[in-house]
Each structure stands twice: as structure tokens, then as C-alpha cells.
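Chemist: Letter by letter, the chains look like this.
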Amino acid sequence: MARKSFLEAIRDAQFEEMKRDPSVFMMGEDLATNLFGTTTGLAEAFGTERVRNTPISEAGFIGAAAGAAMVGMRPIVDVTIASFIYPAMDQLVSIVAKSRYLYGGQARLPLVLRLSLFYGNSTAAQHSDRPYPMLMAVPGLKIIVPSNALEVKGLLKSAVRDDDPVLCFEDAGLWSSRMEIPDEEEVLVPIGKAAVRREGRDVTVVALAASVSESLAAAAELAKEGVSVEVIDPRTLAPLDVETILRSVRKTGRLIAVDPAHRTCSAASEIAATVAERAFGALRAPVLRVTAPDTHVPFSPPLEARLFPNKARILEAVRTVIGFDPAASPRRAGA
Amino acid sequence: MTRTDADLWRELYRRMVRIRTFEDEAGRLASVGEIPGALHTAAGQEGEVVGACMALRRDDYMVGNHRSHGHPIAKGAALRPLMAELFGKRTGVCRGKGGSMHLADFSVGSLGETSIVGSGMPVAVGAALGAKLKGTDRVTLCFFGDGASNEGTFHESLNLAAIWRLPVIFLCENNGYGATTRASTVMAVANVADRAQAYAIPGSIVDGQDVVLVYEEVLAAAERARRGEGPALIEAKTYRYADHAVNLGPGFAIDRGEELARWRQRDPIALFKARMLEAAIAQTEVALIEAQVAAEVADAVEFARSSPFPSFEEAFEDVFVERLPLPESPSGCA
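Protein chains in written order, with the working numbering: chain A, 1 to 335; chain B, 336 to 669.
In isolation and in its complexed conformation, chain A is listed as follows (with noise of 0.2 Å):
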């Protein structure tokens, strides 16, 4: 066990990765330069060859990375900022999510792109995106959403290794953070797979990326009060593990959706109402979503602290769908 860095855990996922394919290789602004710390040693080990900067031409090396991975290749692409996949938006979804359905199943495109979530540090609306709802509703691509170290490097790992495209969303709140990660054994996480990170009976938590360790911490102090909370991690948003989500409501009753994107269309949405569609029967509470507002992301810190899910939101989701009476709804009043 070595204990290592959400930021190591990526770079050792790639190093792995590189060293036991030949066909996978980097690409991305300033990967020389090691910006964050994921690429350390890579490119003296590698050859720059295949630890490949670019120029600042979003559109240019994604779509580079579709075309490669058409022909054998198995690029992983650092887009760094998430928002920087905004100039590429028409490679990556004409052409990364499209490509293998248009032409009948003919191309492969095994490709990942590492974007971070880089909210909650004062870099205002155009760097603090969280775009991943908006690309869950592309079909094609797949999401993974990392929680903690151990996590990003098994899901970083496994997506190398997928034959489709895989966009990995890592939580910028989470890079400093430090796990025991075992080096004697292959972590892999399966891509698809949600995870029970507690158990409990009387609340279902769905939190994703940096918000889970804060649904954690809700429900380790709501337990004092003698309330059980589960916490799930979707671990990959597409495709959704419905399953898993839907087995936990149908015991407790009562969903929070958490999610640090804005609220409409959030991946938060969509697990409300999939849990709305598929298990209605089952809440006994109103189901609630804890996100980000639709307001864009200001600069000035304390107007930015307010804005994200955080432990106090969580707590107060809970304590509201807790205290909620049926008997006591409109609905039932009315009938």
C-alpha cells in the first residue's frame, strides 16, 4: 500500500496504462510542463512521441484523437479545464460520439478525455463549468465521475481499456486528497458500476465526485440523531446504473439527488426522475436535488462558497424529506 494523491493516482493509472500498451498514448497542452502533477515522469519514460504536447487547438487534437483511435490507437487526451472542451464541442460530438454509429459499427474509438471540475477557487463562470449533464444527453459517450483517489485511478484505468469514448470529469476539490492505494495488485473499477460507499435504511443519498465525501460526513453526524443515511456513487454517469440506485430507494423510501452542476438537466434531474418513472411507489418524500443554482459562477469567493452542495445543504435535504408528513401533503388533504 502506498498512500497517494487524487492528482498521483491519475498519473500512475497513465503511467500503467502506457506501460502495458503501446497503443496508448497522451496528448494536451503543456503535458511537458507537468501543470498539475498527473504526468510526472511519463515523458521520460515514454519519449515525447507518446507524451505528445499541442498547440491550444481544442478542436484540432480531439478530433486528432478520434482519428488515431479509427486507426488502432488508444489516445488518452488531457483537456485540463473542463470548459475547454467548449471549442471542440463539434469534434467531440459529430464526430468522438457519432463516428462509430454512422459508419455502421465499422470505427472503434477507444478514447479518453481527462477533464477537471475546477469550481469552488475563484476562476469565475467561464473556467468553473461542470458540463458533464449536457453531455449526458449525447448518446455515445461514456462518464465517468471519480470520488476519491483509489476510484479515479480504477475508473482512469478502465477507460483506457474500453473500446468506446470516455470522458473523465475529476473534481478539482478532490486533487490534494490522499487514500491508501494498493501497489501489489491491478486496481481496475468496472465502468457502469454505482457503488454503496454506507449503508442505511432511511435515506438514499446519490451523490457524485467531490460531493460524496460531503454526503458522507451528513450522514455520519445524522446518524447520531438516529437517522441512517445511504450513500451511493453512481461512479459512471453513462450509462447510469438505474439499478443499483432504484434497489436502494425501494428500501428507504426517500431520495436526495446530490450534484455540484447547475439544477436544470443535471445529472441530479435525471436520477430524480428516473427514480420518479421507475419506483414511485416506493417514496414516502417528496424527492429533492441538492445542486449548484441556475446562476452562473461568480468571481468573489464568499458569493462562490454558497453555491455548491456542501455538508449544511446536505444535512438540511435530509432533515427536510425526514420530517415530511404524507398525511399532512395538499394531495392528501385534498383526496
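The set of hints was computed from the structure by calculation and includes no laboratory data. Accuracy of the hints is not assured; some may be wrong.
Unchecked claim - Below, computed lysine to any residue pairings styled on SDA-like, alpha-carbon distance capped at 20 Å: (1) LYS469(B) to ARG20(A); (2) LYS469(B) to ARG50(A); (3) LYS142(A) to VAL654(B); (4) LYS469(B) to GLU184(A); (5) LYS469(B) to THR48(A); (6) LYS469(B) to ARG108(A); (7) LYS19(A) to GLU184(A); (8) LYS469(B) to GLY72(A); (9) LYS424(B) to GLY105(A); (10) LYS469(B) to ALA124(A); (11) LYS142(A) to ARG658(B); (12) LYS142(A) to LEU659(B); (13) LYS19(A) to ILE181(A); (14) LYS424(B) to GLU369(B).
Unchecked claim - Residues of chain B placed beyond 12 Å of chain A at every Cβ, according to the derived structure: (15) ARG345; (16) ASP529; (17) GLY592; (18) ARG599.
This structure is a prediction, so every number in the text was calculated from the model and none was measured. Even for Gly, the Cβ is constructed at its ideal location relative to N, Cα and C.
For chain A, the structure is supplied; the task is to place chain B on it using the hints.
Modeler: Same frame as chain A, now just chain B:
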């Protein structure tokens, strides 16, 4: 003329006629509704299409665009699956998922066509990068139009290919128009090839109506690329006879007056046919090629017509490598 040259010339002619006949027939079938959707034809451009593709090896890569029936044909793709694709049939080369603007035949190196203008250019760069990283000497031919040269992807792609010295040939098919807009009114430079100097790569202009000139120009660029000398930009001056697309409505029709008649005088197929006859290729041989192609296209239409449509379940295949779960009734779809 050597025997090899005569074989090459016959094949150049065969493929040009194949494209013209295929598109004429497809256009007719689209106008009567037998082929669904819009159809962007390229009659008039066959010289540059065939000249460029015939300069490649079968295992070289090629990326097309929305006006692109001819590119896979020129690269050697079979006609039956191409025509069936236009019909939206299961036997189509893309199993009925792509249609006219998204043909691909990976078996001949045709890596697909993209219908958002300019979007195939980074893909071509990536294919060339992949070929280089794998240590092969394959080159990639990237077709794009005058319109695409005003897109950001043009700049990004040429710059990437230049700095990485990638084996890619950017072949601009300048047919004079982006949809209905005259190219000269939306470009400050006279030639797309003039832009090559911004990337420090060779830029050249070739008469797109002369299939042999295009063949020679692309062959030279491909040889340089195989030697590791990097990319080239070649601008083929050409012309399309038809309006932007069949089945998109009368709004796309433009009056090109004398210009159209002038270009028809320089039809690439007619010019090359005269040259073949001058070079003592027998009239009977030329006629045989034409008859064989007509039969091939008729066979492809019959194949397409008699093929089944895909099953509804196939709409959920090829989103990912593993098939998607089918939608649940009643919330999903009919």
C-alpha cells in the same frame, strides 16, 4: 504509352465513369423519392476525386465530406453496399445508419465522411498521426472544399500536421461555391493554396479537370509524405454542375448562366476520353468500360432495392460496442 500506363488510364476512366453513372442514377432515384433525404452530387469534379484516390495505395487512409459519393468509389469501394446505404437498407455499407453524407468503407481505407463542414480535417490528421505512431508508411488523404477552408478546423489541422510533419495530403476541392455562395466573395486570398505558406508547407494549384495532373501531383505529395517530409496542401480547381443538393428545395437553385456552360466544355470525363482515344486506346475498349459500369450500377440499384430495411432493434446497435438496452414500453418508443 506503356502497357502500365494504359492500364492506369483505363482504371482512371472506369472510376470516373463509375462515379458519374452512380450519381446520375442516385440523383434520379432521389428526385422521385426512392432514395430518402438530401443528396449532394459532384458531377464535374470526378477528375480530382479519381486522380487523387488512384495516387494512393489501397491501405492508405482517406477522409471525405458531405459531397462524397465519389470518394469511396474512387478509393475502390464496392458499389452494391454504397447504393444500399443511400436507400437506408441493412445491406448498406454503414448498415443504413449514415446515408448519403456519411459513407465509409474501412476495408478500402475510407474512414468516413462528415457532414459538418471542416469537421473531417482533424480526423484525417489523427489518422496520419496514428499511422506514424504505429510505424507504418501509410498516408492519409483529406478531401475538403473551399468552404471548409474558412473553418477554424482548417487552421488547426494544417498547423498540427505541419508541426508534427504528419503524412497527410490536404486536397481542397475548390468547386467555386459553398452551398450557393461564391467562394471568391468569402475569401480575401485568391487561392486556398495561398494559405499553405502560413503553415510552412508546400501549397500547389492543379487543374482539377485533368485527372492525370491531379494523379501526378498527389502521387508526388504522397511519396514525400511517406519519406517523412510532412504534409502538403493541394488545391484542385474544379466545378460542380448541379445545385447544392437534390431534395433540399428550390431555395438552393442558382443561375450560373454562361459559367456553367463554360465549365461543361471542360468536363473531366469527356476530356480524358478524347485523350485516351488520341493515345490509341481503342474506342471499343472505352465503350466496353462504359457498358460494364452501366451494368454494375444497374446491379447495385437492384441490390439496394431488393434489400431489407434494418430491424428497429438495430437503431440501438453501434452507439457503443455493446448494444444499448432496448427502450422500455410504454415510456420509451413505439
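Chemist: Would you mind marking each hint as holding or not holding in the structure?
Modeler: Here's how the hints hold up against the structure:
Restraint check for LYS469(B) and ARG20(A): the C-alpha separation of about 16 Å stays at or below 20 Å, so the hint holds. Taking the CA atoms of LYS469(B) and ARG50(A), the gap is about 11 Å. The hint holds against a cut of 20 Å. Straight-line distance between C-alpha atoms of LYS142(A) and VAL654(B) comes to about 10 Å, which keeps the hinted pair within the 20 Å bound. A threshold of 20 Å between alpha carbons decides the hint, and for LYS469(B) with GLU184(A) the separation of about 31 Å lies outside it, so the pair is violated.
The straight-line distance between the Cα atoms of LYS469(B) and THR48(A) is roughly 15 Å, inside the 20 Å bound, and the hint therefore holds. Distance hint between LYS469(B) and ARG108(A) is fulfilled; the C-alpha atoms sit about 17 Å from each other, no more than 20 Å. Distance check on the hinted pair: LYS19(A) and GLU184(A) sit about 16 Å apart at the alpha-carbon level, within 20 Å; holds. Taken as a hint, the LYS469(B) and GLY72(A) pair is honoured in the structure, with Cα atoms around 9 Å apart against an allowance of 20 Å.
Proximity of LYS424(B) to GLY105(A) is assessed by CA-CA distance (about 15 Å); at most 20 Å being required, the pair is judged to hold. A threshold of 20 Å between alpha carbons decides the hint, and for LYS469(B) with ALA124(A) the separation of about 42 Å lies outside it, so the pair is violated. Restraint check for LYS142(A) and ARG658(B): the C-alpha separation of about 13 Å stays at or below 20 Å, so the hint holds. At most 20 Å may separate the alpha-carbon atoms for a hinted pair to count; LYS142(A) and LEU659(B) meet this at roughly 12 Å.
Of the supplied pair hints, the one linking LYS19(A) and ILE181(A) holds, its CA atoms being roughly 19 Å apart against a limit of 20 Å. The hinted pair formed by LYS424(B) and GLU369(B) meets the criterion: a straight-line CA distance of about 12 Å does not exceed 20 Å. The claim that ARG345(B) lies off the interface holds: its Cβ sits roughly 30 Å from the closest Cβ of chain A, which is beyond the 12 Å cut-off. Distance to chain A confirms ASP529(B) as a non-interface residue, since its nearest Cβ pair spans about 21 Å, more than 12 Å.
Chain A leaves GLY592(B) outside its interface by the beta-carbon criterion, the shortest separation being 36 Å against a cut-off of 12 Å. Every beta carbon of chain A lies more than 12 Å from that of ARG599(B), the smallest distance being close to 34 Å; the non-interface claim holds.
Going down the numbered hints, you'll see the structure goes against 4, 10, while the others check out.
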